[in-house]
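Colleague: The chain contents come next:
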Amino acid sequence: MKERLTEGHLLYGGDYNPEQWLDRPNILQKDIDYMKEAHINVVSLGIFAWSVLEPAEGDYQLEWLAEIIEELYKNGIYTILATPSGARPKWLADRYPEVLRVDETGHRNFFGFRHNHCYTSPIYRKKVAQINRQLSNRLGEHPGVIMWHISNEYGGECYCPLCQHEFRKWLEKKYKNIEVLNDKWCTTFWSHRYQSFAQIEAPSRRGEPLLHALNLDWRRFVTDRTIDFAKMEIQAVHKNGNDKPVTTNFMYDFKGMNYAKWKDVLDVISWDNYPTWHKGSERETALDCALEYDRMRSIKGESFLLMESCPSATSWQSVSKLKRPGMLHAASMQAIAHGSDSIQYFQIRQSRGAVEKFHGAVIDHYGGNDTRVFREVTALGIDLDALREIQGSRIHAEAAVIYDMENRWAMEDSDGPRNENMYYRETVRKVYEGLRAMGINVDVVDMEADLASYRIVAAPMNYMYRDGYEKKVREFVASGGTYLTTYWSGVVDECDRCFIDGTPYHLMDVLGIRSKEIDGLYEGEVNGICPVPENSAGLQKTYQVSHLCERIDVTTASTLMTYQHDFYGEEPAVTCNAYKKGKAYYVGADAEGSFYRDLLQHIVCEGGICNAAKESLPEGIEMTLRETEDNRYLFIQNFNRTKTKVDLSHYPGELLMGQREDTIPALGTIIIKTTV
Amino acid sequence: MKERLTEGHLLYGGDYNPEQWLDRPNILQKDIDYMKEAHINVVSLGIFAWSVLEPAEGDYQLEWLAEIIEELYKNGIYTILATPSGARPKWLADRYPEVLRVDETGHRNFFGFRHNHCYTSPIYRKKVAQINRQLSNRLGEHPGVIMWHISNEYGGECYCPLCQHEFRKWLEKKYKNIEVLNDKWCTTFWSHRYQSFAQIEAPSRRGEPLLHALNLDWRRFVTDRTIDFAKMEIQAVHKNGNDKPVTTNFMYDFKGMNYAKWKDVLDVISWDNYPTWHKGSERETALDCALEYDRMRSIKGESFLLMESCPSATSWQSVSKLKRPGMLHAASMQAIAHGSDSIQYFQIRQSRGAVEKFHGAVIDHYGGNDTRVFREVTALGIDLDALREIQGSRIHAEAAVIYDMENRWAMEDSDGPRNENMYYRETVRKVYEGLRAMGINVDVVDMEADLASYRIVAAPMNYMYRDGYEKKVREFVASGGTYLTTYWSGVVDECDRCFIDGTPYHLMDVLGIRSKEIDGLYEGEVNGICPVPENSAGLQKTYQVSHLCERIDVTTASTLMTYQHDFYGEEPAVTCNAYKKGKAYYVGADAEGSFYRDLLQHIVCEGGICNAAKESLPEGIEMTLRETEDNRYLFIQNFNRTKTKVDLSHYPGELLMGQREDTIPALGTIIIKTTV
Amino acid sequence: MKERLTEGHLLYGGDYNPEQWLDRPNILQKDIDYMKEAHINVVSLGIFAWSVLEPAEGDYQLEWLAEIIEELYKNGIYTILATPSGARPKWLADRYPEVLRVDETGHRNFFGFRHNHCYTSPIYRKKVAQINRQLSNRLGEHPGVIMWHISNEYGGECYCPLCQHEFRKWLEKKYKNIEVLNDKWCTTFWSHRYQSFAQIEAPSRRGEPLLHALNLDWRRFVTDRTIDFAKMEIQAVHKNGNDKPVTTNFMYDFKGMNYAKWKDVLDVISWDNYPTWHKGSERETALDCALEYDRMRSIKGESFLLMESCPSATSWQSVSKLKRPGMLHAASMQAIAHGSDSIQYFQIRQSRGAVEKFHGAVIDHYGGNDTRVFREVTALGIDLDALREIQGSRIHAEAAVIYDMENRWAMEDSDGPRNENMYYRETVRKVYEGLRAMGINVDVVDMEADLASYRIVAAPMNYMYRDGYEKKVREFVASGGTYLTTYWSGVVDECDRCFIDGTPYHLMDVLGIRSKEIDGLYEGEVNGICPVPENSAGLQKTYQVSHLCERIDVTTASTLMTYQHDFYGEEPAVTCNAYKKGKAYYVGADAEGSFYRDLLQHIVCEGGICNAAKESLPEGIEMTLRETEDNRYLFIQNFNRTKTKVDLSHYPGELLMGQREDTIPALGTIIIKTTV
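Those protein sequence lines, which keep their order, are chains A, B and C. Numbered by the working numbering, the letters in the first sequence go through residues 48 to 723 in order. Numbered by the working numbering, the letters in the second sequence go through residues 48 to 723 in order. Numbered by the working numbering, the letters in the third sequence go through residues 48 to 723 in order.
So here's chain A without its partners, still in its complex pose:
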């Protein structure tokens, strides 16, 4: 499939909206000339084009699009063809009000925005299926069309009676008996017991927003409902026998959906990456991107597509900075380094009006090819052309970090020790950074993942243990894996119901400890953790901890660090327990990043994981390894604002990008090829 997609190229291009310029044929022609000049070989067409494709009900107007696809194809540019369901035409909303969403207060929205339609509405489903089939019939077999772009950035939820009905059916299928639900949801609290599934209403700030299990199941239902809608869309484009691969574009750090559930729905994972470069330090932004890239790659464990990114400044940030020279190149190469087989932009040409008119584009309102952005886009196009052999290569990781969306939903919704911020994602990032500092590939997976193939699994703040998780961990450690977990783990089950008789639930023996109490620290308040002399992990410094400190009882574990202050001063804070063939580490408090770097350096070295750097990489230096059956491609990038010293003599091989010098320049990328 990958080959058919790209015929051995890395894809390069972006969203293109010629329907905005149909009255200016010269602009369409100029765009193609510019695209060729910039080495662009793919565009996404048809996103939000419904009102032009079907200007009145049943009046399908697809010829203009057919001509453009053909014209592009003749010029060597492929099309990723979108279904237009991301925004509905006005006539549809006017004639069939049920297609508009109802919010949690029970009021139906007016027409407007993008995703403002009910994913349950039979009429909306029917109309979407009809236009999808039209597109598939007329355009799906064109050789220029290489993939389906199903809708656009799915998101949001609807509380209409149809959706509420589906939610009740979903619950009934899951729990079978209402008393099972009452028990698992703990509805006796505040007298919220249900007598039948028919009584259940979706969470609402005008009704019940505080029943965590209800909230959690609602969020799961929203993911399932969206997937159900997407499957309907896919079925419609494939109905006539068309079997081109399908994707849909995911969003950055989007909490509204559990993307992991899409694993088997899509042929290719793609996503839109809009980091805020030049705000904090570039290296922190790059770290955040890396985490998301690895998370996206880990959904299917395959290379993915960067479906959207910005060639210049965005228009929606509180302050939109121009991308500094070199930033576009470095940010794009990072995508490739982490497993992307494409660089695509929103957008090829800027729209003249409406909300995103100032969002950066390859071709701006001025319309020339003599702009700084166009030149940088072109230079990158040439580079990507030269790297085409990398397309399709894979990333193999022996370490994984668990970052679980359902766990996040549960933790952030629950009233607990710190309602202002639990810092879950930040903690995941510190652990991820600790592993990445050793130059190893890292998968970012959720609790459903198979752990058997890893040598190290780090699972910070696993508040919720999803069904069967603790069993999987036990087996992983028993078989020789190294497991690292932290405070606020194993506290509740899948219904956010507290485990009784001690936590972390069913892993107290594996970890050799029991959690007793957890203390919230105010912002700015700190404690420290101090090394036990001659501890087995070789830790020697005192580190700062903040936000959350757990008091633990140690049973079989050995204590590596103890608390420095407060009434639990000198009590154990970090422990390590040998369990069968493996080891299990427990970190009791929210420690600063350097603690995780030091502890994980020990763990990685002890584990002897391949492609690890000999020692911690300098801050801001990223290293990843892509490989095919024949070759290995080592990427080294510098996300500091100054040149940084890296000893490349450790890494022999052929240079595909960059220079063999003592230092890597600011925002520079080195690619070293070796043969297996």
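One thing to keep in mind: the hints can contain errors.
You can't tell identical chains apart in this list, so a pair holds if it fits in one copy or across any two.
Calculated lysine to aspartate or glutamate pairs in the EDC-like style (CA-CA distance at most 20 Å, straight line) [said to hold, decoys possible]:
no., residue 1, residue 2
1, K563, D417
2, K221, D432
3, K326, E467
4, K308, E151
5, K220, D271
6, K216, E674
7, K347, E674
Think of the hints as simulated: they come from the structure by calculation, not from any bench.
Knowing the structure of chain A, use the given hints to seat chains B and C on it.
Modeller: Only chains B and C this time, still in chain A's reference frame:
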């Protein structure tokens, strides 16, 4: 009644929700064992249990509760039996939508939350009365049941047509004639005149939120409506001849109701105290608690019950800290010191799910008795057992601070010199602290209180003079009392209508001054007040003032202090006027706390009030006196985080708690018993 | 007309609400005595009096008002008679619900507030016309009535079906064809194309809030609808042949309406000025007031009325400070200096109740004439009496600053380089301050203004070029004018649609530059601009720039300043281009105020504009010039908190106010009369 309640014990226990564990009889049995171990002698049962007590309409299931009450009783544990009206079952809301509240925008809520029911709805009242009678008939006469806990933390308001109708009736009863209302409410402003009571609508941000007199009467109505509902509940439990005492639990610093109006409705005042220890300094938190305790005690002028408190960390604060060792003991003893005859917790056993699942409890999810919290709870239980003779003793105060909820509503609602914050409660607290620093008992009353029994009455920021108040003050001073009042007093009448012809209304002669203008100061902006040489109060320092400065005309008063800066520099700021047998002080500006301490030290010493310390107590030291006909119990507590020097040799007698040493340890409590 | 208005007096008085005191005839009598004592010669009557004028439908009660007008007139006090449409009576809203507004979510308001009525409702219009005609018939010809005060502070909007229908008609009239609208609004973006005008809905956060062209046209419609309503009101009072002049009172920095559109609707511009003196520095507050005064004067290019101001503290600010001694006088004289022919207060007598009861008044609740405020009001009355010859004199300006409300709406609504704040008004103010520092009169106009009469036009941040604007600028410069404009100009057309092929649109040749990219800077982030050696404007300092920096291509312009830092360091930042007989300056970044002072000093001196000070005036010193055919009146005011040195020997003539000394005292005003 008190004796029947407790048979000579201080009550010790808390909310207990066995309905959450009916499927685990071993847990119920273990709980009783643990309660006995912790010297617990009372639980509150049935709060929020409606959906278990009446799982379907008319299907009353009370036997499980009867069995538990009996089992507890056999083990020496009494029951405070709750009516379940704090949250209604789903079937009730589904079948009778009128029981759910309507908000000020006119939309009816969905099912959810706790108090989300209309206090007017005839159906809700009927259903509550029915279950209350069921409880009373079946369980009310059980010897283990010592008191009725009517509903739980009443609060909130409903804007449904039924409530609006009651509001109009309430207004018509109060004003008789619509022209009287138009006149008192000043409806001519902005053309808001009414022609009939039928035209009046409750305040709403979608309608009229700015007519202060309407807002004020609405709040009064909400209090009256809630009381009317509570009386209906009480009548229902007493219907069959049951005459056990009734209480309902009040909340900390709750602005939604005028608790003073409940004086004659309840047999016992009880309340729930959830301070945020370990956030600011402990002594400031303790001061705030002291103010609330004294306010609760002053409602009926009798000892009261602490109905809820937290044995460990709460779950609803932005950051929930563990209670440090010793804090539980000190905080609990403060309740006793201020007149409580109980220490009760929310909750005996933590619930497994729903919003409060992480709220601290005597028995946590782990479920053992080998926890720090359980050990501290047990130690306190032993101490309370040893102090049982204190139960029922009273607190006698010769000084009072006026803190009036209606005054607060009016002042905070009115547009005036400082809309961002008037600091009413903070000013009350400074005055209260000034008196308490002298070690005297202080009542905290509202303007309805009888002042005749006091020697000192301090009335800061009495913006609104409730009907007859100024007459009462005049008589108080004429008879020899000392009265202290401040800027922004006597400005409006009960309808928030300004007094004309000079303020403070009708007390200008008593005070010997007239208020001319009031200046708002920005946050951070300050002025000073300087002592007049050889002033009669012996004031010698310059103090900082902020927020509000009044310019006054002095007639017969003598000036004690003058302003330091600004265009009113050197004008009078603090005055004292001799009026008949008494004295009246006027403070023109929002002075720092030490000013009130110094001025009130002079006033208290001049008044020779009994049980006053010889000199100001050290900061953080609290002193109160409880007494019976035979004995006096002096409480001295240290709310500093370090040991503090107090010369106990001034206070002879028998030590019931603590040691006779030079210092009191941090969070330490001394109790000295003397015989009258 | 002006003469008939005032018979050669400056008007002095304010809003007066005797309807609040009809039951106290002694108060009415005392008020008149006090007004005479204070030299008050005019009051505004009848504002918000509808419920007294028509207490029940059709029951008109005008005699009380007739008597008061007569009584005032006999005492030398004129009446500005208001129509009462600013707030409707309760019976009207109860009987005809359509008169109440509907908000953007589609919910109709309840009764309350002031402007809470639909400007479209036929019933509301009919009822207003009826009472207006009643007032006109009974009172309009009274010799004491000198002007109509139409409604009060018009504002707000209604989204009811009637208004939505009018909006669609308004759009159809403007665009004729729906495809024209689709094209100009760029509705193809996000598939928002309309098939007919009937499909269009007003913007709403529950529907479409992000279609900028829709938002913009809605705001234009709201202005037009309000004007349409006002015209109906005016027609009603003039129906019986009455032709007394009409005004309505505008508000300070009010963004809800484009006041410039009222130019031909009103006979006299009047407005309400409520600055927050004593908050920041007085001189900054004075500068802000000056900008608004000049904007108001420039609407008709005639003297105007200050209809409301506060004699003391307001009641609605977060902190309301007393006006310090001298402030009332200085603030009032500033109004006269900028072209006002009146000083009027809200309010003569404080109301006893409702939301504005603590708003400052000439006569306060105390009710005496022995107050500080009353004494200052009286002193000012005497001064104004002595200045009566100034009435009707005009202000002539040779420089203009463009401050355009439609431009502001567009810029602040659009997503762009800085969504948190573009600082449009602040930048206008810096440019205005630069010109005013040279002591010249400045008009503040919008893009519809005729530019031909000016020698200097400064147009900062002209994001939107309204139709024909660029042509007007071209002609202005070609004819010898000096034009100064900045970054973020000429970007979009009247429908917020981006210009293509380069910006500033159609003025690139006049300016000799093209704008390439714009960079947003975070708050606190700065760059600098450095002078090119021997630049033609004589600039010699380095200035700080922030918020926004544009990169430009210079064609024919000469570069005056270059950027100091960042990747565009040393690129052009400020340029000057000679175009035909004139010059055009371009400022690329948001420069600090002193840059504009220095650059504009050069431009003003080069232009040799009359009445310019020889050099920049000291900070805090304001200078304006009013003139008649015979005389010139130079006003010099000191808005510093200390006396300030000004060399008055440059300004010979007769002193009408103040002293010829080396310095002007704090808050002092000098008026120098010379004969032409």
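Colleague: It remains to establish, for every hint, whether it holds in the given structure.
Modeller: So, going through the hints one by one against the coordinates:
In the homo-oligomer, the alpha carbons of K563 and D417 lie at most 20 Å apart only across protomers (10 Å), although the nearest pairing inside one protomer, at 65 Å, exceeds that limit. Taking the shortest Cα distances, K221 and D432 never come within 20 Å of each other, neither inside one copy (50 Å) nor across copies (51 Å). In this assembly of identical chains, the alpha carbons of K326 and E467 lie at most 20 Å apart only when taken from different copies (15 Å versus 23 Å within one copy). Neither within a single protomer nor between protomers do K308 and E151 lie at most 20 Å apart by alpha-carbon distance, with minima of 24 Å and 38 Å respectively.
Within a single copy, K220 and D271 get their C-alpha atoms as close as 13 Å, which meets the 20 Å cut-off; across copies the closest is 48 Å, which misses it. Within a single copy, K216 and E674 get their C-alpha atoms no closer than 46 Å, and across copies no closer than 65 Å, so neither meets the 20 Å cut-off. Taking the closest pair of Cα atoms, K347 and E674 come within 20 Å of each other only inside a single copy of the chain (17 Å); across copies the shortest separation is 75 Å, beyond that limit.
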